[in-house]
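Asker: The chain contents come next:
2 protein chains.
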Amino acid sequence: MARVVVDVMPKQAILDPQGRAVAGALERLGFGGIADVRQGKRFELEVDGELTEERLAELRRAAETLLANTVIEDFTVRVEHVTTQA
Amino acid sequence: MARVVVDVMPKQAILDPQGRAVAGALERLGFGGIADVRQGKRFELEVDGELTEERLAELRRAAETLLANTVIEDFTVRVEHVTTQA
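Residue numbers (my numbering), protein chains in the order written: chain E, 3 to 88; chain V, 3 to 88.
One or more of the hints may lead you astray.
For identical chains, the list gives no copy identity; a pair is met inside one copy or between any two copies.
Pairs of lysine to aspartate or glutamate, EDC-like flavour, derived with a Cα cap of 16 angstroms [as the list claims (entries may be wrong)]:
(1) K13 x E46
(2) K13 x E52
(3) K13 x E29
(4) K43 x D18
(5) K43 x E60
(6) K13 x E55
(7) K13 x D76
(8) K13 x E60
(9) K13 x D38
(10) K43 x E75
(11) K43 x E56
(12) K13 x D50
(13) K13 x E66
(14) K43 x E55
(15) K43 x E29
(16) K13 x E56
(17) K43 x D76
Keep in mind that the hints were calculated from the coordinates and are not lab data.
Working from the sequences, and respecting the hints, build out all of it.
Answerer: Dropping the structure here:
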């Protein structure tokens with residue numbers, strides 16, 4: 003059992019209206035000094051069994067296929083923790 | 003200048019319909035062995051100036067006020083990297 007985290011963020015070259023809205027709201031609420039905000043998605047996948055290299059490659063394909071729109075988004079896949087069984 | 007990342011995830015006790023939908027879609031696409039998926043948000047804040055303890059506490063308040071709905075979501079605030087100026 004392992005937890006794999008997939009972070010999906012809008013590409014730097016892409017306008018991020020959600021992030022802009024958050025930055026504006028922070029400013030209006032009195033939280034100044036924040037130059038930029040970008041908003042993306044975080045997926046936590048609980049993966050059964052052993053996390054082999056092949057398994058991780060498959061999860062990367064899954065992220066590319068379903069979780070990120072790679073035309074406008076970048077994604078990273080990382081292992082957060084592995085639970086070993088006794 | 004520093005990048006601060008705020009991760010916002012649905013609380014464990016809360017049903018996460020987006021995550022369920024993703025888990026179902028992964029299964030249908032042939033990506034098996036994924037026991038659970040939870041979907042949340044990731045915010046990247048580019049913060050001006052020096053990142054003092056007070057500044058970080060202020061950003062935590064900002065996350066609590068604007069970025070997370072603490073009734074149904076948990077959040078974490080962490081510093082991803084700091085750019086020091088020459």
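Asker: Hints first: check each against the structure and report whether it holds.
Answerer: Status of the hints after comparison with the structure:
1. Taking the closest pair of Cα atoms, K13 and E46 come within 16 angstroms of each other only across two copies (12 angstroms); inside a single copy the shortest separation is 21 angstroms, beyond that limit.
2. With identical chains, the CA atoms of K13 and E52 are never at most 16 angstroms apart, being 32 angstroms at best within one copy and 26 angstroms at best between copies.
3. For the homomeric pair K13 and E29, neither the shortest alpha-carbon distance inside one copy (23 angstroms) nor that between copies (27 angstroms) is at most 16 angstroms.
4. Within a single copy, K43 and D18 get their C-alpha atoms as close as 13 angstroms, and across copies as close as 14 angstroms, so both meet the 16 angstroms cut-off.
5. When the C-alpha separation of K43 and E60 is checked against a cutoff of 16 angstroms, the pair qualifies neither within a copy, at 20 angstroms, nor between copies, at 23 angstroms.
6. Taking the shortest Cα distances, K13 and E55 never come within 16 angstroms of each other, neither inside one copy (27 angstroms) nor across copies (30 angstroms).
7. Taking the shortest alpha-carbon separations for K13 and D76, only the intra-copy value of 6 angstroms comes in at or below 16 angstroms, while the best inter-copy value is 26 angstroms.
8. In this assembly of identical chains, K13 and E60 lie within 16 angstroms of each other by CA distance neither inside one copy nor across copies; the values are 23 angstroms within and 27 angstroms between.
9. Within a single copy, K13 and D38 get their C-alpha atoms as close as 14 angstroms, which meets the 16 angstroms cut-off; across copies the closest is 27 angstroms, which misses it.
10. Proximity of K43 to E75 under the C-alpha cut-off of 16 angstroms is found in both arrangements, the shortest distances being 10 angstroms within a copy and 14 angstroms between copies.
11. Taking identical chains as interchangeable, the C-alpha atoms of K43 and E56 are never at most 16 angstroms apart, the minima being 24 angstroms within one chain and 27 angstroms between chains.
12. Proximity of K13 to D50 under the C-alpha cut-off of 16 angstroms is found in neither arrangement, the shortest distances being 31 angstroms within a copy and 21 angstroms between copies.
13. Within a single copy, K13 and E66 get their C-alpha atoms as close as 14 angstroms, which meets the 16 angstroms cut-off; across copies the closest is 26 angstroms, which misses it.
14. When the C-alpha separation of K43 and E55 is checked against a cutoff of 16 angstroms, the pair qualifies neither within a copy, at 24 angstroms, nor between copies, at 27 angstroms.
15. Within a single copy, K43 and E29 get their C-alpha atoms no closer than 22 angstroms, and across copies no closer than 20 angstroms, so neither meets the 16 angstroms cut-off.
16. In this assembly of identical chains, the alpha carbons of K13 and E56 never lie at most 16 angstroms apart, being 27 angstroms within a copy and 31 angstroms across copies at closest.
17. Taking the shortest Cα distances, K43 and D76 sit within 16 angstroms of each other both inside one copy (11 angstroms) and across copies (14 angstroms).
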